[in-house]
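Read left to right, the sequence shown gives residues 1 to 147 (the numbering used here).
Wrong hints could be hidden among the right ones.
DSBU-like cross-link-like pairs, simulated, lysine-lysine; straight-line CA separation at most 30 angstroms [as the list claims (entries may be wrong)]:
1) Lys48 with Lys142
2) Lys126 with Lys72
3) Lys48 with Lys72
4) Lys126 with Lys48
5) Lys64 with Lys126
6) Lys48 with Lys64
7) Lys142 with Lys126
In case anyone wonders, no lab produced these hints; they're calculated from the structure.
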Amino acid sequence: MAAWENDSEAVAGLEELVGPTGSWRGAAGAELHHHDPGLAAALAAFLKHEQPRRVIDMGCGLGKYVQAIRAKGVACDGFDGHASTEELTVGLCYTADFADPQLANRVAAEGYDWCVCLEVFEHVPKHLESQLVSCMLAGTGKGLVVS
């Protein structure tokens with residue numbers, strides 16, 4: 001088998017894991033979310049020090065950073081494009097997609113002080129990157145943490 005045929009199979013496998021707007025799909029996709037406990041602790045401590053009214057985690061995955069931030073007494077919401085986000089996070093976070101043209105307006109209406117967006121850009125298709133930026137800015141009253 002030629003090397004490019006293996007690449008085609010890998011791309012086909014990737015399409016099963018990642019939806020057209022960049023969100024993970026299915027149980028296998030959910031298992032691929034990364035979490036860094038040290039970063040979560042440091043981020044939560046930093047945000048507590050900043051004393052925000054509210055924080056939004058965009059592309060929250062399994063909600064682990066939302067949990068860490070809330071554990072410090074900071075109000076934090078989270079959303080992810082995975083269709084089962086609410087189920088995967090046991091109601092902690094909700095499903096939203098950067099392809100939704102009204103998402104930035106809804107985020108802005110919530111009045112967030114800080115936006116957290118970790119390891120998301122590499123999943124978002126180029127044609128939705130500006131929408132992601134608009135959403136992040138809508139959730140950034142005082143600051144933004146992005147990777």
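Checked hints:
1. As the CA atoms of Lys48 and Lys142 are separated by approximately 13 angstroms, the hinted pair is consistent with the 30 angstroms bound.
2. About 35 angstroms separates the Cα atoms of Lys126 and Lys72, which puts this hinted pair outside 30 angstroms; it is violated.
3. At most 30 angstroms may separate the alpha-carbon atoms for a hinted pair to count; Lys48 and Lys72 meet this at roughly 6 angstroms.
4. Restraint check: the Cα-Cα separation between Lys126 and Lys48 comes to about 33 angstroms, which exceeds 30 angstroms; the hinted pair is violated.
5. The straight-line distance between the Cα atoms of Lys64 and Lys126 is roughly 27 angstroms, inside the 30 angstroms bound, and the hint therefore holds.
6. Distance restraint check for Lys48 and Lys64: the Cα-Cα separation of roughly 16 angstroms lies within the 30 angstroms cut-off, and the hinted pair is therefore satisfied.
7. As the CA atoms of Lys142 and Lys126 are separated by approximately 26 angstroms, the hinted pair is consistent with the 30 angstroms bound.
In summary, the numbered hints that this structure violates are 2, 4.
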